[in-house]
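S.K.: Protein chains in written order, with this note's numbering: chain A, 79 to 401; chain B, 19 to 342; chain C, 20 to 320.
Just so you know, the hints here were simulated from the structure itself, not pulled from any lab data.
If you're wondering where the values come from, they're calculated on a predicted model, not measured in any experiment.
A virtual CB, placed ideally from N, CA and C, is assigned to each residue, including glycine.
Only pairs whose alpha carbons sit at most 27 Å apart, straight line, appear in this in silico DSS-like list of lysine-lysine:
| hint | chain 1 | residue 1 | chain 2 | residue 2 |
| --- | --- | --- | --- | --- |
| 1 | A | K173 | A | K190 |
| 2 | C | K216 | A | K278 |
| 3 | A | K173 | C | K216 |
| 4 | C | K84 | C | K97 |
| 5 | A | K332 | B | K280 |
| 6 | A | K190 | A | K209 |
| 7 | B | K280 | B | K215 |
| 8 | B | K280 | B | K218 |
| 9 | A | K209 | A | K173 |
| 10 | B | K215 | A | K332 |
| 11 | B | K218 | A | K332 |
| 12 | B | K280 | A | K278 |
| 13 | A | K173 | A | K278 |
| 14 | C | K216 | A | K209 |
| 15 | A | K190 | C | K216 |
Not everything, but these chain C residues come out facing chain A in the computed CB check (under 10 Å):
| hint | residue |
| --- | --- |
| 16 | K216 |
| 17 | V217 |
| 18 | L235 |
Footprint (simulated), chain B over chain A, 3 or more residues, beta carbon under 8 Å:
| hint | stretch |
| --- | --- |
| 19 | 293 to 307 |
| 20 | 325 to 339 |
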Amino acid sequence: MNAPLLRVENLRKHFALTKGVLFTRTLGHIKAVDDVSFEIRAGETLGLVGESGCGKTTTSRMILNLEEPTEGRILLEGEPISGLQGEALAVYRAKVQAVFQDPWSSLNPRMKVGRTIAEALIVNRWGDRAKIAARVRELLLQVGLRPEQAEQYPHEFSGGQRQRVALAAALASRPRLIVLDEPVSALDVSIRAQMMNLLKDIQAEDGVAYLLVAHDLATVRHMADYTVVMYLGRIVEQAPTASLFAEVRHPYTKALFSAVLMAEPGRQADEIELRGEVPSPLDPPAACRFHTRCPYAMPQCAEVEPPLREVSRGHAVACHLFE
Amino acid sequence: MSETVLDVRDLHTHFFLRRGVVKAVDGVSFSLRRGEVLGLVGESGCGKSLTALSLMRLLPKGGARTIKGEVLLDGENILERSPAAMREIRGRRISMVLQDPQTSLNPVFSIGDQLREALLRRHRAPRPQLTQESVEALRRVEIAAPEQRLGQYPHQMSGGMKQRVVGAIAIAGQPAVLIADEPTTALDVTIQLQYLKLLKRLQVETGMAILFITHDFGVVGRMCDRVAVMYAGRIVECGPVRRIFEAPQHPYTRALIASVPKMTGPIGRLTTIEGQPPSLMDLPVGCRFASRCVQAEPRCLEAYPRTVQVGREHTADCWKVVPA
Amino acid sequence: MAVVDPSSRASLWRLLWPARVPAGFRRTARVPWIPIVIISAIVAMAVFAPLLAPHSPIDQTLRDKLLPPVWLDGGSPKYLLGTDAFGRDVLSRLIYGARVSLIVALLALIAGGGIGLLVGIVAGYVGGAVDSLLMRLVDAAFTFPAILFALLLAVTMGQGLGTLVIAISLLLWASFARVIRGEVLSLRQRDFVALAKVRGCSAPRIMLTHILPNVLNTFMVLVTLNIGVVIIAEATLSFLGAGIPPPTPTWGLMISEGRGRLTDAWWVALIPGIAITLMVLSVNLFGDWLRDRLDPRLRQL
Numbered sequence: 079m080n081a082p083l084l085r086v087e088n089l090r091k092h093f094a095l096t097k098g099v100l101f102t103r104t105l106g107h108i109k110a111v112d113d114v115s116f117e118i119r120a121g122e123t124l125g126l127v128g129e130s131g132c133g134k135t136t137t138s139r140m141i142l143n144l145e146e147p148t149e150g151r152i153l154l155e156g157e158p159i160s161g162l163q164g165e166a167l168a169v170y171r172a173k174v175q176a177v178f179q180d181p182w183s184s185l186n187p188r189m190k191v192g193r194t195i196a197e198a199l200i201v202n203r204w205g206d207r208a209k210i211a212a213r214v215r216e217l218l219l220q221v222g223l224r225p226e227q228a229e230q231y232p233h234e235f236s237g238g239q240r241q242r243v244a245l246a247a248a249l250a251s252r253p254r255l256i257v258l259d260e261p262v263s264a265l266d267v268s269i270r271a272q273m274m275n276l277l278k279d280i281q282a283e284d285g286v287a288y289l290l291v292a293h294d295l296a297t298v299r300h301m302a303d304y305t306v307v308m309y310l311g312r313i314v315e316q317a318p319t320a321s322l323f324a325e326v327r328h329p330y331t332k333a334l335f336s337a338v339l340m341a342e343p344g345r346q347a348d349e350i351e352l353r354g355e356v357p358s359p360l361d362p363p364a365a366c367r368f369h370t371r372c373p374y375a376m377p378q379c380a381e382v383e384p385p386l387r388e389v390s391r392g393h394a395v396a397c398h399l400f401e
Numbered sequence: 019m020s021e022t023v024l025d026v027r028d029l030h031t032h033f034f035l036r037r038g039v040v041k042a043v044d045g046v047s048f049s050l051r052r053g054e055v056l057g058l059v060g061e062s063g064c065g066k067s068l069t070a071l072s073l074m075r076l077l078p079k080g081g082a083r084t085i086k087g088e089v090l091l092d093g094e095n096i097l098e099r100s101p102a103a104m105r106e107i108r109g110r111r112i113s114m115v116l117q118d119p120q121t122s123l124n125p126v127f128s129i130g131d132q133l134r135e136a137l138l139r140r141h142r143a144p145r146p147q148l149t150q151e152s153v154e155a156l157r158r159v160e161i162a163a164p165e166q167r168l169g170q171y172p173h174q175m176s177g178g179m180k181q182r183v184v185g186a187i188a189i190a191g192q193p194a195v196l197i198a199d200e201p202t203t204a205l206d207v208t209i210q211l212q213y214l215k216l217l218k219r220l221q222v223e224t225g226m227a228i229l230f231i232t233h234d235f236g237v238v239g240r241m242c243d244r245v246a247v248m249y250a251g252r253i254v255e256c257g258p259v260r261r262i263f264e265a266p267q268h269p270y271t272r273a274l275i276a277s278v279p280k281m282t283g284p285i286g287r288l289t290t291i292e293g294q295p296p297s298l299m300d301l302p303v304g305c306r307f308a309s310r311c312v313q314a315e316p317r318c319l320e321a322y323p324r325t326v327q328v329g330r331e332h333t334a335d336c337w338k339v340v341p342a
Numbered sequence: 020m021a022v023v024d025p026s027s028r029a030s031l032w033r034l035l036w037p038a039r040v041p042a043g044f045r046r047t048a049r050v051p052w053i054p055i056v057i058i059s060a061i062v063a064m065a066v067f068a069p070l071l072a073p074h075s076p077i078d079q080t081l082r083d084k085l086l087p088p089v090w091l092d093g094g095s096p097k098y099l100l101g102t103d104a105f106g107r108d109v110l111s112r113l114i115y116g117a118r119v120s121l122i123v124a125l126l127a128l129i130a131g132g133g134i135g136l137l138v139g140i141v142a143g144y145v146g147g148a149v150d151s152l153l154m155r156l157v158d159a160a161f162t163f164p165a166i167l168f169a170l171l172l173a174v175t176m177g178q179g180l181g182t183l184v185i186a187i188s189l190l191l192w193a194s195f196a197r198v199i200r201g202e203v204l205s206l207r208q209r210d211f212v213a214l215a216k217v218r219g220c221s222a223p224r225i226m227l228t229h230i231l232p233n234v235l236n237t238f239m240v241l242v243t244l245n246i247g248v249v250i251i252a253e254a255t256l257s258f259l260g261a262g263i264p265p266p267t268p269t270w271g272l273m274i275s276e277g278r279g280r281l282t283d284a285w286w287v288a289l290i291p292g293i294a295i296t297l298m299v300l301s302v303n304l305f306g307d308w309l310r311d312r313l314d315p316r317l318r319q320l
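One chain only, chain A, in its complex shape (with noise of 0.2 Å):
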């Protein structure tokens, strides 16, 4: 097994939800991520799969460094990347770059896209204008545009296209890592694809890992090697994606596939419907969080948090069923 690019170690983040302006008072902590480890090998798609206000964001912020965790360690190719500054943080920043989910707020809509794609490598003095603008060029045919396209403004581009926009933006640094938050999510469904295609192409050639973060687990089944399943800031499971769409083993994750609408008629069998909806994570449940909604929840679960627990190979689970 070679080294993971990227270790995140019992992450934390807490916010304060707090009252007041002048004289303010703490009424309580949200714990979004709450206990969070996982690795990404080099060149490898993990996918963070939960509903909102599982975390799966919070986390990923904190990856890119525009959250400071509240507890926990993340290292980028063994290094901690807590308390960068400077040089330092410029090549972590040049090594991790992302894309997100809304093509219509991703891109500055006063600039041109060339601009845009050669923001990273004019900011790190990269080199000559003709040299980025070479870049900016190849880039542009990398993601299927036209280098002309360069000197037009976003809103001459359909959501497709701008997010094809952004990923040559976060390309442009030769980065290692690129956190996808939801890439395909706002595109149409034969858009969808043609990204989702782009994005593995890409990974083939320049060896780029991904951190795909989605709701949509088909999505994931089809981009990501690892996928690690959050509930209420926690990992309730995790597994290679294959292992994991072979035999679904959390009570959630279950539930999760069972949501999962098929364009097949007829084809819902075994349904897990959820009671309720998920609880505040400002007062997540004790123990067990899921314990609340959970089908299959037996006395111990309100009383004993089930540690993650290895079921099978690179397989883990975090459920009583299961010890």
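Starting from the structure of chain A, add chains B and C where the hints point.
M.R.: Below, chains B and C alone, put in the same frame as chain A:
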């Protein structure tokens, strides 16, 4: 049982802008039977939402006009009714649920106020009775502790809960037709499943017909009896759900279904549809999908294809399909 | 150019107002030609004052004092709009007065607007304690009696262009800062700002290349809408004697000088009054149109 409740014939709604005419809905025909769920599927900009707004006669300001066609609700063309008569029809005979529960509810009124107002449109009744009925309405959409919810405001509820309230308001007037425009797109998957099941149950209980607008074939498979596929302002294929999934006839439908990532089967390259839909301001004379169609031939570019009956209740607009 | 963007999200508004049409052009009101002509005429007057003015605006010809405009009995074709109590040509003073009004407006808007823009961007982007501090300062500026302050300034620093510009800038910056900050707060939430950080941009760089260009429209609208405010402020201060000292002609000063003779020589005060009204009305109408064109969000202002 197969009584038609809503019959839309050759509907044209265009935007008249300074720069030209945007033919957003350009010859849409379909019918909806009592107690049936018809899916209207298509990608953004195909005109599906504008079709719904045309039916409600709630066209956005800024040059949109329905210039042609008939919308027969129980045999009566509602496009010819006066605005006052239309207000009576909306909510009572035809109602609507929109995508974003956030903007569907008025943030400054309590849930109870908004429900009572909706119920008042059904019948005049004293306030305590309306309150009692509001509690019933919330119970029907499976909201726990409805008495306490009445005094709450929209911001105190989750997205799924709000969408249930929106549903309760929409069906308060016992409409014969409910138009649901992407009602679950803003919801999480497990909440989506709950909502769809609820909607289906209510539909079976009340016998109302639902026009379900979505871009998601998964939702279609779960909810609909029949499905109409829209492309660039027209319905290109319409048929029973099972037929559309198992034997789609129009090349667009086929490509669209193929491009959805699947939960089973081999993981390979996804099928894509190359190119972009045509500009609605400058539509081609021929088949609108021809420029992206892998099977296109010269005649596809020359004239818009006739509507072919390809099976029982199954039609497709394509030169290449074989009539049944 | 496709009108409907096919791959954008399923949003009705995307369908109706295609993203390819720049935001400002959606509801284009009629171009306000009359205000544009009036503004252009006044600007031309100011720029070409020495060429246009038939007389000196300062030289007194006491022999010709208080002549009415040419269309009234006793009017002289030599003085089209009549003369004032010192026999100075009202038309020439009006033409030169436009100069002072516009220069003051320009300088005060550059200074006051510029400070407001800077404060708004920094407060909105940096946030936290910096934001709180700057915004309390803005609140304080709003509660300040600006006219009183200007009078105080005139007393301590002496009358003059500099005093006038400083006084009016202090009146302006806070409202600029407040609107711009609001704009920046919503811009800061946009993904391209987070992505700029991910690309390695520093905070000053983000403010300069990502935030500033996106608030310039709003800024321009604010500038236009405030021209009227500045002209009135200048007139008020000059009227009160805290503006440009006589005999330099300004519109406010002209009204002030003609005030005592409204019954027998109304034209001395009324003509500059009409000029101010026309100018302010025109820039406001033009500003309204510009706001609708460039920034629909500012409509409630």
